[in-house]
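Novice: Start from the sequences and build out the full structure, keeping to the hints where you can.
2 protein chains.
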Amino acid sequence: MAPTDPRDTKERLIDAAESLFGDRGIAAVSVRDITARAEANIAAVNYHFGSKDALFLAVLKRRMEPLNAERLRLLDIVEETAGGEPPALEEILSAFVEPTFRVFRSNPDFMKFVGQLHHECGSLADSLLATSRFGELIARLRIALLRALPGSQPASSWWGMNFLMGAMIHTWMGGHEIEAISGGEAVYGSDEIMVERLTKFAAAGLRAIADVGEEE
Amino acid sequence: MAPTDPRDTKERLIDAAESLFGDRGIAAVSVRDITARAEANIAAVNYHFGSKDALFLAVLKRRMEPLNAERLRLLDIVEETAGGEPPALEEILSAFVEPTFRVFRSNPDFMKFVGQLHHECGSLADSLLATSRFGELIARLRIALLRALPGSQPASSWWGMNFLMGAMIHTWMGGHEIEAISGGEAVYGSDEIMVERLTKFAAAGLRAIADVGEEE
DNA sequence: GTCTATAGTACGATAGAC
DNA sequence: GTCTATCGTACTATAGAC
Numbered sequence: 001m002a003p004t005d006p007r008d009t010k011e012r013l014i015d016a017a018e019s020l021f022g023d024r025g026i027a028a029v030s031v032r033d034i035t036a037r038a039e040a041n042i043a044a045v046n047y048h049f050g051s052k053d054a055l056f057l058a059v060l061k062r063r064m065e066p067l068n069a070e071r072l073r074l075l076d077i078v079e080e081t082a083g084g085e086p087p088a089l090e091e092i093l094s095a096f097v098e099p100t101f102r103v104f105r106s107n108p109d110f111m112k113f114v115g116q117l118h119h120e121c122g123s124l125a126d127s128l129l130a131t132s133r134f135g136e137l138i139a140r141l142r143i144a145l146l147r148a149l150p151g152s153q154p155a156s157s158w159w160g161m162n163f164l165m166g167a168m169i170h171t172w173m174g175g176h177e178i179e180a181i182s183g184g185e186a187v188y189g190s191d192e193i194m195v196e197r198l199t200k201f202a203a204a205g206l207r208a209i210a211d212v213g214e215e216e
Numbered sequence: 001m002a003p004t005d006p007r008d009t010k011e012r013l014i015d016a017a018e019s020l021f022g023d024r025g026i027a028a029v030s031v032r033d034i035t036a037r038a039e040a041n042i043a044a045v046n047y048h049f050g051s052k053d054a055l056f057l058a059v060l061k062r063r064m065e066p067l068n069a070e071r072l073r074l075l076d077i078v079e080e081t082a083g084g085e086p087p088a089l090e091e092i093l094s095a096f097v098e099p100t101f102r103v104f105r106s107n108p109d110f111m112k113f114v115g116q117l118h119h120e121c122g123s124l125a126d127s128l129l130a131t132s133r134f135g136e137l138i139a140r141l142r143i144a145l146l147r148a149l150p151g152s153q154p155a156s157s158w159w160g161m162n163f164l165m166g167a168m169i170h171t172w173m174g175g176h177e178i179e180a181i182s183g184g185e186a187v188y189g190s191d192e193i194m195v196e197r198l199t200k201f202a203a204a205g206l207r208a209i210a211d212v213g214e215e216e
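Chains as they are written, first to last, in our numbering: chain A, 1 to 216; chain B, 1 to 216.
Hints in this document: simulated from the structure, not taken from any laboratory.
Do not take every clue at face value.
[Said to hold, decoys possible] Pairwise CB distance ranges, derived in the manner of DEER restraints: (1) GLY189/B to GLU70/A: 32 to 38 Å; (2) SER51/B to SER51/A: 27 to 33 Å; (3) ARG105/A to ASP33/B: 36 to 42 Å.
Yeah, the Cβ is synthetic: ideal placement off N, Cα and C, and Gly gets one too.
Specialist: Below, the structure written as structure tokens:
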């Protein structure tokens, strides 16, 4: 029987894998799950990608490359607009956060997949760092944060970035949960408001911990 | 051959499961992995617990029950000490955060396991909410936050709690990662400093988003 | 490029000897 | 309480027909 989705098998496999990886994690999804969802034959993953791991990398690269390129582009704009001055903390963080919520709106499964990846500690997590200019992005972000927080402890901005990443990942993965726990009081609302919440939260947090750990 | 660990098989199984669940997630760990690590027979999990799921619940309850009881106790103390006034935001958050870092020092695998649990969306995640007074803890925390942030948007404190949970989970699970990425600049340091960083970060963040989403 | 069939392995769980 | 042996199932990957 012909699949209901008209796109070619290779693309349907990436879509199916993205969706399942985001929902259940990478290790917990079988090739059979993926081919069933994609309405493809069991052998299709191996034919088109060679292995489950290679399919995983294809899923990661398809959206991560344009996503990180966009974040770097926004960082450029923020710094150019500010002239020689250090830009406001909120604007720097927004360049890092906002594009992910744009992807989240159109492809929530992908951002959940990235969240899963951050917490599946094995060798797979390293592929995130090695892929799609992620290391370059972190380095640029770090320099911008240090300029925006003159005199702060070097460790503080690292831990602040760590907290922001955690808050972001948890929001991608658990937004629904909070809506349920709160009995409807915490509504996701628009992306704009969520980005505003996250960037204001992290900017104020970074300023508050700038001197934690300082010698007396 | 006798196991090298002198404790009884049941306890060794819980220890082994906790450690493996924290490292790799729950779904990715097999009963065989657990019994091998515990130096027990393959049939031991079924004999002592009945199933892998029942062992999972035993791992969760063993430390989660005393942990949440301690968080509720600290919340009581913070509120009593403040008399009728609302306590400072930092102190409320510390009651929620500090005990987890005490457990993290002695049993890092357990807190990583809890982090894994929060992000493995299936039916297992619900067991966290249903276990060990977690719902009660969240409700108490929420009321305290609202009193400490008078006039704030109801949704804001929910999202702030969500961000704090994410930052905390990511720190349990990825502390090592940040130390590596930072090239040694972000050292974990003492629990006291990490708790101080997290509570100051979240308190300032909560104040900063208190009025986000307000009608004009 | 898509299918069937299957090799080879690992899984959770249980029965029954000791 | 611990062992061996095994059932029934699911897994990744591949070979070979069409």
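Novice: Evaluate each hint against the coordinates.
Specialist: How the hints compare with the structure:
1. GLY189/B to GLU70/A: 32 to 38 Å: 35 Å, holds
2. SER51/B to SER51/A: 27 to 33 Å: 32 Å, holds
3. ARG105/A to ASP33/B: 36 to 42 Å: 39 Å, holds
Checked against the numbered hints listed earlier, the structure breaks none of them; every hint is satisfied.
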